[in-house]
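2 protein chains.
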Amino acid sequence: MLNFNFYNPTKIIFGKDTIPKIKNLIPESAKVMLTYGGGSIKRNGVYDQIIHALDGRHVVEFGGIEPNPDYDTCLKAVAQVKAEGVDFLLAAGGGSVIDGTKFIAAAAKYTEPDPWDLLLNASLIRDALPLGTVLTLPGTGSEMNGGSVISRHSTTEKLFFLSDHTFPRFSILDPETTFTLPARQFANGTVDAFVQVLEQYLTYDVDAPLQDRFSEGILLTLIQEAPKVEADPRNYNARANIMWCATNGLNGWIACGQPQDWASHMIGHELTALYGVDHGQSLAIVMPGVMQHQRGQKRKKLLQYAERVWGLRGEDESCIDQAIAKTEEFFRSLGVGTRLADYRIPAESAPLVAARLTERKMLLGEHQAIGRKEVEQILSLRT
Amino acid sequence: MLNFNFYNPTKIIFGKDTIPKIKNLIPESAKVMLTYGGGSIKRNGVYDQIIHALDGRHVVEFGGIEPNPDYDTCLKAVAQVKAEGVDFLLAAGGGSVIDGTKFIAAAAKYTEPDPWDLLLNASLIRDALPLGTVLTLPGTGSEMNGGSVISRHSTTEKLFFLSDHTFPRFSILDPETTFTLPARQFANGTVDAFVQVLEQYLTYDVDAPLQDRFSEGILLTLIQEAPKVEADPRNYNARANIMWCATNGLNGWIACGQPQDWASHMIGHELTALYGVDHGQSLAIVMPGVMQHQRGQKRKKLLQYAERVWGLRGEDESCIDQAIAKTEEFFRSLGVGTRLADYRIPAESAPLVAARLTERKMLLGEHQAIGRKEVEQILSLRT
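For the protein sequence lines, the chains are A and B, in the order given. Okay, so the first sequence: first residue is 1 according to this note's numbering, each after it adds one. Okay, so the second sequence: first residue is 1 according to this note's numbering, each after it adds one.
Worth flagging that the hints you see were computed from the coordinates, not collected in a lab. The structure displayed is predicted, hence computed values, not measured ones. Accuracy of the hints is not assured; some may be wrong.
Identical copies carry no separate label here, and so any pair may be met within one copy or between two of them.
Unchecked claim - Derived pair list, reagent style DSS-like, types lysine-lysine, alpha-carbon separation capped at 25 Å:
#: 1; residue 1: Lys228; residue 2: Lys300
#: 2; residue 1: Lys42; residue 2: Lys16
#: 3; residue 1: Lys109; residue 2: Lys31
#: 4; residue 1: Lys42; residue 2: Lys31
#: 5; residue 1: Lys11; residue 2: Lys23
#: 6; residue 1: Lys301; residue 2: Lys42
#: 7; residue 1: Lys42; residue 2: Lys23
Please take these sequences and the hints and turn them into a complete structure.
Here's what the structure looks like:
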């Protein structure tokens, strides 16, 4: 096992009818900004529950945080925070709303002129407004970590930061808020959770069997529970299990003492920035390619994955082929296309993405050995 | 899945050569009290590493915290804390030293005359001195939770509290500190970790498959790694894996949304208080009896345990019999006796323990259905 640090102070309140608890979690004197996305919280009752719980409190609103939250949108929120003296942020939504709100929290406390700095160098984040979340779209794990991914649509950039200052103080996870999720968002979130686990699991073996078991537990549970949600969107337990899987996929737990990959995410971010494909879709395209291309380096873990997650026993290459095929099949069963062509992304995306990552001097993968040539090869496998 | 809250702010620093990091984790101006047990830390180099890391700092010492830390011993430490103006506690040892130190931390801030109150009513703990730990004996999980078990030898009582105020600020987990552990302590710690997981796993099914997988992962890893340590006490990875298993066994994680049992612990505490048997030994005696006696209520999980942990497939009672036998065999393979007779505890212990628990109006188990008669029956199975 590798040496590691683990720290995660987010308080989780999980279960049905838990939204009213925000009343006791947000200081009574706080000037709260409620942040949200396209307005689904106004249709599914979450907004009403929040407003009711905060009755009599000072609450302002900032809606319209888009999927892949835009830097310029966030800056507008920062201006409003400053103008109105907001001192607590409450994000209601999925990973995009929460990520955007984390950036707003950090940028509001940043005194230099250009907060884009914070995405180029997270150590510049030395303070942030306190924030809490009401999660309505499981997938990214942002509700229980200090990370944030921000896009700058004007320059087609998509960057991230990680900071101890931007952990949510609390996150409310009420599975019932996900009953009315559009199928596409559910599918994207499930793929995101699944691939995030693979990024931290499918690397080289460092003799960390407990963490492997944890990762396999999440993968097995996602595979078992997702079809139940597809069959009955109001299946509470299945929704709850998927939600808890997604949180565990990226709260730092399964990563303890393990090498990590993240090549699929880095390549996927470029596809999203360039072609507007959903985050989950981009991962469903790229991950099978990384598994295929890196099958030599990842052999031992791929065989373990094949056996423990898909029940494919053996030491031969066909086990790995089948495990990759099963993975792709799982994504497709959720309705998520796994090929560039499914989204009409041209084959020329391969050299273009490779060039953009090279420009940023990015060497990807757990061995930092995936460079320009390898990125191009990986995407060429996904036409 | 049941509704749940999860909160755990302890920072974990895991791996070899991590003790020097306490330098940056303890405020420079702090008046530190280093607490420890019988003095093994002076023989295994841990004491020297700590003193070296805190060179130039204000450090006082309090040694001699015994296994099953005694209330009167802790009160002496509290008096020293107050006399010397100590404002940070650093516990170096296993669960007993850490538990004792948590109680000292809470009692030092308690203004009423009798701190025993805190063990009778944990809600009276409204503040505590900050504390950190250097773990040298994995097993109890105390390094990453707010719980503490304290004994009052003068009245043969053993009680516990749980509080958010007594989470360690940080815990250093360096597996190398466990290389020289006496075999008996290693065995006790491993049994303790194993049984703690069973207390949170072997209950009734609430459709929480992820938490089940996590628990099974810990059990499988303990079974796989313990023999490696027995074969080579300096096997770093095996030591590291056991250490991380034990922390995960009681940091709240696997308990999320699950019913919990804890009957074996409650009964075992009485055996320790009355007959001086080690904590791990008491659990090895009691747990197989609880499994046997409660096999009806726990049937579904016992069958799942048999299959996933011991590879025993089937729906019949013999699977459960074999799983209980395997559990007992595992404890015995570590050199831990599993019968009252192994420790010359008389059969009369059964009614005596049952009467003591009844006196405290304790109804045990996940259904609160294990009363006087059942406790007596369980112990009668263990002669």
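Hint-by-hint comparison with the structure:
1. Taking identical chains as interchangeable, the C-alpha atoms of Lys228 and Lys300 lie at most 25 Å apart only when they sit on different chains, with a minimum of 21 Å there against 31 Å within one chain.
2. For a Cα distance limit of 25 Å, the shortest separation of Lys42 from Lys16 inside one copy, 18 Å, qualifies, whereas the shortest one across copies, 51 Å, does not.
3. Proximity of Lys109 and Lys31 under a CA criterion of 25 Å is satisfied intra-copy only: 15 Å inside one chain copy versus 33 Å between copies.
4. For the homomeric pair Lys42 and Lys31, the shortest alpha-carbon distance inside one copy (21 Å) is at most 25 Å, but the shortest distance between copies (53 Å) is not.
5. For a Cα distance limit of 25 Å, the shortest separation of Lys11 from Lys23 inside one copy, 14 Å, qualifies, whereas the shortest one across copies, 28 Å, does not.
6. Within a single copy, Lys301 and Lys42 get their C-alpha atoms no closer than 44 Å, and across copies no closer than 41 Å, so neither meets the 25 Å cut-off.
7. With identical chains, the CA atoms of Lys42 and Lys23 are at most 25 Å apart within one copy only, with a shortest distance of 19 Å there and 50 Å across copies.
Consistency with the previously given hints fails for number 6 only.
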